[in-house]
Amino acid sequence: MSAALVIFFALAALAVIGSISLIIQREPIHSALSLIVVMVALAGLYLLMGAEFVAAVQIIVYGGAIMVLFVFVIMLLNAGEEERTNFSKLATFAGIPLALAVTGFIAAAIVHSSGALPAAMPKGALTDTRTLSTLLFSDFVYPFELTSFMILIAILGAIVLAQREN
Amino acid sequence: MVPTNYYLILSAILFGLGIIAFVFKRNIIAIFMAIELMLNAVNLAFVAFSQSLGKVDGEVFVLFVIVVAAAEAAVGLGIIIMTARTRRTLNVERADLLKL
Amino acid sequence: MSAFLTQYAFLIVPIVKIAILVFIVLTVDAYLTWIERKVIAHIQARWGPHRVGPHGLLQPLADGLKFIFKEDPIPAHVDKVAYFLAPFITLMLALTSLAVIPFGPQQFTVFGYRTGIGIAEVNISLMVLFAITALAVYGVALAGWASNSKYSLLGGLRSSAQMISYELALTLSVVGVLLIAGSFSLREIIVKQGNPHLGLLGWNFFGFSSETVAFTQIIGFLCFYIAAIAETNRVPFDLPEAESELVAGFHTEYASMKFAMFFIAEYTSMITISCLATILFFGGWLSPFPTTPFWHFTFYLPSVMLIPLGLWVIFDGMRYETVFGRIVLPGVGSVMVAIGAALIVFPVVNDNIQGVFWFLAKVFTFLFVYVWMRGTLPRFRYDQLMSFGWKFLLPVSIANVILTSAVILWRMH
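Protein chains in written order, with the numbering used here: chain A, 1 to 166; chain B, 1001 to 1100; chain C, 2001 to 2413.
Treat the hints as calculated values from the structure; they're not laboratory data. Among the hints, a few may not be true.
[As the list claims (entries may be wrong)] Only some residues are given here: those of chain A computed to face chain C with a beta carbon under 7 Å:
1. Gly44
2. Gly50
3. Glu52
4. Ile59
5. Ile60
6. Val71
7. Met75
8. Val141
Quick reminder that beta carbons are idealized off the backbone N, C-alpha and C, glycines included.
Chain A with its partners taken away, still in its complex shape:
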């Protein structure tokens, strides 16, 4: 049981517990906190895989900006406890087995095709940020520019949507 495997199981358990907590919690703010825990656990997993820049971006953007937006909106709308209605019980009985079936199917497909994957890199070598940025600005420069336009449109859209009617 190497150290990497122990860390992997610890972080994976943290991520799964966070996701289950997201489902179980009744207050939206607690669900948001659970999702932040999942984000940080995933950033740890990215670090374990050697993707250090992606791990840092995950925490800064996902954990530090997107989830802050969620928390602000929850505070702004004063979202309270979730009510239990009849329909949600139906969703429980029909939906959860279905979701578990989908998950099991995907997992089985992964295990079946494990021979087709090349072996994992032996050391989890660190990805050089320079390599990442060279690729981003040479092969992926069109998507890069398009995402910048998309962010601009999203900013304008969010401002227009959140304005009060005067």
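Knowing the structure of chain A, use the given hints to seat chains B and C on it.
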């Protein structure tokens, strides 16, 4: 060290839990968080493949997914704020004006 | 025993270093509050704490005892998880950010484990610091939300909105430094500011480095420092926690130990920002004097400072009649004189201590500037604060990035 399969199975489990949260929760913001959870599961699969194949393209794509998720969260939460103001509730079952 | 230590050195050495660093930082925090109160008092033409021990030196101890013994009330109907989590998150993040800061250039080997002066050596240490700054918003937002009080909620929302607004300017103002250094690692950034012949002028603030193509980062430093003061919620950006405006903002409903956690976290983040400012713009552990052999006499500067200071402390302690004044102060003074003399007698130790000495000197200068600003400047109104952050600081940071990259590209060809 850690076989790529383990990461992929974890990604599948997180995706499944995201689907369960999407179906199970009644609060619109919690449903939105389930969408973010599913996107994160997909990101994990991308980085796992990027590590196992030795190419960096997967990580570049993860950056794009994160950026798109950010823009989507901004616009989606704007829509949620508007809906909450008009319908005065965050329960998706109450948004049933188009029901027969 | 020695074999066990060698095998597990990779665990034991960092743990020992963490223990030492946390102890040092908490002591510096406590005496930073003393320095702040004394300096602000002297700026305002009054004494400050001078009753509890000579020169008020035992005041932090008295404050600590007060925090321990005070009642810790929990308001009714608070959100228990968020209420207890908020100060814990804030303190944990503030202390964790100290782990990636390199305090000195030396690398030494202990029990076969090669390590430096600093807890963690990470390739992306600057990004780690930004990640921790990004997460620090949660402590404030959750504290405001969980307290079930209007003032807290308003203070918390305002404070966290201010923090995320200035976080953008903070991150962008550092991009100029990254372009010069070509790496995210703080150690690399310091090394690239070296100039053996010009010393001081090689720092990023002046931009005449001999290791890489550089451009002066004065604009970047100003943007960084202003944004950092807004991030740590200090004057002149401390409207969310100003007493006359919003009672105490997001930490109104926190008392005793939890308030102490917020307090320690604020001073620790001040220390981290000062460390960052010296590393990024003022050469970290590099000496302001050139390092050619002619200038080796500047290596005796620590002794020249320590010995007179130690002698003054000894004679000052003799003026008092209490135990602390008569015995402890002269003891501290004689230790300082002994260290100063030892540095002269053992030049090997003196050479190794230069880096850490200059680093600490610059950090304390920045901390003094923080305290100085608190005593001098009035605070911004909230809308002035937000428009300054978005409409002035962010465009200036972006302009700095464009200017720096243009100059570097031009000079490289």
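These are the hints, each one checked on the structure:
1. Gly44: This hint is violated: Gly44/A lies away from chain C, its Cβ roughly 12 Å from the closest one there, beyond 7 Å.
2. Gly50: violated (11 Å)
3. Glu52: holds (5 Å)
4. Ile59: At about 4 Å, which falls below the 7 Å cut-off, the nearest Cβ of chain C leaves the hint on Ile59/A intact, so it holds.
5. Ile60: holds (5 Å)
6. Val71: This hint holds: Val71/A lies near chain C, its Cβ roughly 6 Å from the closest one there, short of 7 Å.
7. Met75: Where the cut-off is 7 Å and the nearest Cβ of chain C is about 5 Å from Met75/A, the hint holds.
8. Val141: violated (17 Å)
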